[in-house]
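Trainee: Sequence:
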Amino acid sequence: MTSIKHNLQQVQQRISAAAAQCGRCPQEITLLAVSKTKPASAIEEAVAAGQHCFGENYVQEGVDKIQLLANPDLVWHFIGPLQSNKSRLVAENFDWCHTVDRLRIAERLSQQRPDPLPPLNVLIQINISAEQSKSGIMLAELPALAQQIAALPRLKLRGLMAIPAPQDDYASQLAVCQQMAAAFKQLQQQYPGVDTLSLGMSDDMDAAIAAGSNMVRIGTAIFGARDYVSAAATHNN
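Following the working numbering, the numbering of the sequence shown begins with 34 at its first residue and continues without gaps.
Mixed in with the good hints there might be a few duds.
Under the rule of at most 20 Å between Cα atoms (straight-line distance), these lysine to aspartate or glutamate pairs were calculated in the DMTMM-like manner [stated by the list, open to error]:
| hint | residue 1 | residue 2 |
| --- | --- | --- |
| 1 | K189 | E174 |
| 2 | K189 | D228 |
| 3 | K189 | E94 |
| 4 | K189 | D128 |
| 5 | K218 | D148 |
| 6 | K69 | E94 |
| 7 | K69 | D128 |
| 8 | K119 | E94 |
| 9 | K218 | D134 |
| 10 | K167 | D228 |
| 11 | K69 | D236 |
| 12 | K119 | D148 |
| 13 | K218 | D202 |
| 14 | K38 | D97 |
| 15 | K38 | E77 |
| 16 | K189 | D134 |
| 17 | K119 | D106 |
| 18 | K189 | D236 |
| 19 | K167 | D128 |
| 20 | K119 | D97 |
Derived from the structure by calculation, the hints contain no laboratory data.
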């Protein structure tokens, strides 16, 4: 049985290889370890191996882990769909929210972010493949929402996130990722604080890095297959 430490090393090697392939520095790319459905003990194993950024999809499960581990060195990213009735928990506990796709949620996060904490880092989710089953806005809606979010006092607009539809071939993956990268560069020109493009998972990470992603979200390759059955009993998103 391979260890989480070994898996992390393998993923980091893959990131380095993908970066080298397109002339980028591997240090530009943040590895976000997606720890949904995994116990706190697995996260502790990853921390011992040098991993500090973790992504959670389910609000209550994530909050439970944040409070249980209580490690100020860890950076917690909420990367799942966010319902209005759970926004306070995200505002009070997480460092980042990747899935802002409407002004109402952004306003709630800003209002509910505690004053002693730094502003909540937010990414606007783009539905780049126009899938009805996925959250996110169309690219045409981005300028208006970005302007509204940038004006909110307890949020810090950091960039964009997307989950492209699965594509079998690299060329198709790259084309979609390049669309996201172009939108990201345009946003950077208007907002100096924008510095994060959260794009790329296990299947399309190479194309995402080639296009310019600087944050990839990897779960199963680090922690192994997810147990959704037992996890369903422990969270309610």
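Trainee: Quick check: which numbered hints come out false for this structure?
Mentor: Violated hints: 3, 5, 10, 13, 14, 17, 18 and 19; rest satisfied.
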